[in-house]
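J.: Here the protein sequences line up with chains E and W, keeping their order. Reminder that position 369 of the first sequence reads as 369 in our numbering, one-by-one numbering, no gaps. Reminder that position 98 of the second sequence reads as 98 in our numbering, one-by-one numbering, no gaps.
Where hints are given, some of them may not hold.
If chains are identical, the list can't say which one is meant, so a pair holds when it fits in one copy or spans any two.
[Unchecked claim] The calculated SDA-like cross-link candidates involving lysine to any residue, where the alpha carbons are at most 20 angstroms apart (straight line), are: (1) K162 - E370; (2) K376 - G169; (3) K397 - D367; (4) K126 - S98; (5) K23 - V295; (6) K337 - N349.
Since the hints were derived computationally from the structure, they do not count as laboratory data.
There are 2 protein chains.
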Amino acid sequence: MAVGNILLPKLYPVAGISLGTSKAGIKQHDRDDLLVLQMLAGGSCAAVFTQNAFCAAPVEIAKSHLSQQPRWLIINSGNANAGTGKQGLDDAINCCASLAQNVAANEMQVLPFSTGVIGEYLPVAKIQAAIPVAIENLSENNWSAAAHAIMTTDTFAKGASKIIAMNGGNITLTGISKGAGMIQPNMATMLGFIATDANIEADLLQECLQIATDLSFNRITVDGDTSTNDSCVLMASASSKVPEIVKNTDNYNLFLAAIIELCKDLSEAIIRDGEGATKLIRIQVAEALNDAEAVLVAKTIAHSPLVKTAFFACDPNWGRILAAVGRAEITALDITKIGIYLDNVCIVNNGERAHDYTEVAGQAVMDQAEISIVVKLGRGEAIQEVLTCDLSYDYVKINAEYRT
Amino acid sequence: MAVGNILLPKLYPVAGISLGTSKAGIKQHDRDDLLVLQMLAGGSCAAVFTQNAFCAAPVEIAKSHLSQQPRWLIINSGNANAGTGKQGLDDAINCCASLAQNVAANEMQVLPFSTGVIGEYLPVAKIQAAIPVAIENLSENNWSAAAHAIMTTDTFAKGASKIIAMNGGNITLTGISKGAGMIQPNMATMLGFIATDANIEADLLQECLQIATDLSFNRITVDGDTSTNDSCVLMASASSKVPEIVKNTDNYNLFLAAIIELCKDLSEAIIRDGEGATKLIRIQVAEALNDAEAVLVAKTIAHSPLVKTAFFACDPNWGRILAAVGRAEITALDITKIGIYLDNVCIVNNGERAHDYTEVAGQAVMDQAEISIVVKLGRGEAIQEVLTCDLSYDYVKINAEYRT
Chain E
1 MAVGNILLPK LYPVAGISLG TSKAGIKQHD RDDLLVLQML AGGSCAAVFT QNAFCAAPVE
61 IAKSHLSQQP RWLIINSGNA NAGTGKQGLD DAINCCASLA QNVAANEMQV LPFSTGVIGE
121 YLPVAKIQAA IPVAIENLSE NNWSAAAHAI MTTDTFAKGA SKIIAMNGGN ITLTGISKGA
181 GMIQPNMATM LGFIATDANI EADLLQECLQ IATDLSFNRI TVDGDTSTND SCVLMASASS
241 KVPEIVKNTD NYNLFLAAII ELCKDLSEAI IRDGEGATKL IRIQVAEALN DAEAVLVAKT
301 IAHSPLVKTA FFACDPNWGR ILAAVGRAEI TALDITKIGI YLDNVCIVNN GERAHDYTEV
361 AGQAVMDQAE ISIVVKLGRG EAIQEVLTCD LSYDYVKINA EYRT
Chain W
1 MAVGNILLPK LYPVAGISLG TSKAGIKQHD RDDLLVLQML AGGSCAAVFT QNAFCAAPVE
61 IAKSHLSQQP RWLIINSGNA NAGTGKQGLD DAINCCASLA QNVAANEMQV LPFSTGVIGE
121 YLPVAKIQAA IPVAIENLSE NNWSAAAHAI MTTDTFAKGA SKIIAMNGGN ITLTGISKGA
181 GMIQPNMATM LGFIATDANI EADLLQECLQ IATDLSFNRI TVDGDTSTND SCVLMASASS
241 KVPEIVKNTD NYNLFLAAII ELCKDLSEAI IRDGEGATKL IRIQVAEALN DAEAVLVAKT
301 IAHSPLVKTA FFACDPNWGR ILAAVGRAEI TALDITKIGI YLDNVCIVNN GERAHDYTEV
361 AGQAVMDQAE ISIVVKLGRG EAIQEVLTCD LSYDYVKINA EYRT
């Protein structure tokens, strides 16, 4: 199941960006599993990738092609092409080459992406056979089909879209993402593809994407398992009539804020679809010495199986939150200054059970589908938020049966 | 359920150490939940405690009493007396004082220990009422009853015992432990109590205990959640006729080796009883630059919910192990030198799927109840082993229903 609103919102077409999907039959045979994305010439492209040392073959290739003014993306679901060594690299390159050949482009301008099971070789022939149909289908109106084609264990398609009024006209920003398990992105999410018709130079676009992912995709976790394939791409087609976006202008600030908001929407959707999730948990750590410390405490709570199972059970067993804060390896933590809240209910005050805390008040919060944990460390002014979900029977079921 | 041999072995009495149990009725009403341990005058005592910043009230008190030549332990199950602030400290002191009063001792010579739910005040009156019966029952032959009295979510009592032949005679070493969840001890286990009749000075005893716990209790994890109450005590009654054990002698080496082995037995028993465990997983990381790096990689694998659920499903989904190694944040890791094995089956060679790996061979290993994962990093000569268990439906069930 999934938590809260999971309807795919209206995804506005982005001028200069076309998408086409088709059935390669890699793992799913009843739906499209191949996506091709085309950007008109003259745009710019930014991307961030997983920090997992075992990064997948397509990630290696996409990294090496990023500086070649990429205009094409080829994305398959059902197979991650990770842990596949030299053959995996050849397979990823062959997918790029096949697409390039079909559209008379340079293969260096194609970025490949794969998501699915790790350690199996990519069925390249199936993908090659499906490329022409995807190209035939290319259209600016295919964002919804694209969001569906990149799903794996996702239970719903994820996307977000906004139109930003700027000096000189409107800019459109539309993105899709996928991911439900093996989610603790580090520099990027499982897979995210965002496009805009803005006119912006590649280096500045990259800077915007890095700021936004750090505040969104890098602040979510389902199970603490950073994937081998995490990637997030932001393409700007320069098709809008709005003048080029340059740093330290009103338009830049509007643009960056919109990207951050869009990335937060896309990453929150991943947590709502966390494998087996029944609850969305926002963990805010405040009064920290610095951001890193706030994130460390928040992630220690977010990764605690005991905390996660208590939320699944709607059990205000707050001692588990306290224990997680205490093991987060914060130097010279003075527990007598710590406060912990479930929504607005204070459970721990000055490091001990709040004297006016009642189980009834705690239970009322725990019965909700969306809950905030607020931890005040009493050490400084930094504040950070991490999103996670609970740990349910279905998480075990989904991951015990993943390959069967 | 639990994995493998879970029968409590014969626990030899230790001269100079007596144990008595009784029913305080804290959480369980059908079995003893209070344990008193007495050591004759003239012995020495060592202890290690949790590094959790929110360490429980009894841990604080035990730490402060440790230098006062402790001769008495008072241990309750069913309530952790953690997150209870000033009142918790008073409650722990009152338990010590009550015991001391009953046996005409100094309360500073009593170490208190508690295990159970966090955040509820200790029912001191119930404990005080049960102390006289425990004292009446004091006997050197009560190790089995003691092992049962300290259980919480444990499904079996845990103990180990050995007689060591030394220069000058035999030494007996007997210990008990408890723990099944909230298990990633840091300097000690959930609760471990070990006694010997050896004659050894307290500082050297402490050194032995620290070496042993670092190689045993600090190398196990069920769920990564370091408890607020972890404590391990080693008492030496000096009742044996073997001369005092001093450093850098044959007897010292024999003694230390025996303590390490006993601590490993006790900590392995905790993993066999890991909440919901169906598999015992030994994760050995070899060819690491140093011990810390080896432990980091091993624990990253051990804490991966995806790895743990794959083991529960007997699924040789080894890509999850590879992904965990890759996210362990090892600086300058060269994946092309990495090998990964399931028992003797090579699954990853030179950083990619081993060419002769077959699913049949992997499946045969995964069908076992006890499995080794061996990771060779190709960076150095350090080697460390961490024990863990799988993540099953029952883990979620046990922890979602813990307080009901």
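J.: Would you mind marking each hint as holding or not holding in the structure?
T.: Hint by hint, here is what the structure shows:
no.	hint	result
1	K162 - E370	neither (24 angstroms within a copy, 53 angstroms between copies)
2	K376 - G169	neither (43 angstroms within a copy, 58 angstroms between copies)
3	K397 - D367	between (23 angstroms within a copy, 18 angstroms between copies)
4	K126 - S98	within (12 angstroms within a copy, 77 angstroms between copies)
5	K23 - V295	neither (40 angstroms within a copy, 44 angstroms between copies)
6	K337 - N349	within (8 angstroms within a copy, 50 angstroms between copies)
Checked against the numbered hints given earlier, this structure breaks hints 1, 2 and 5; the rest are met.
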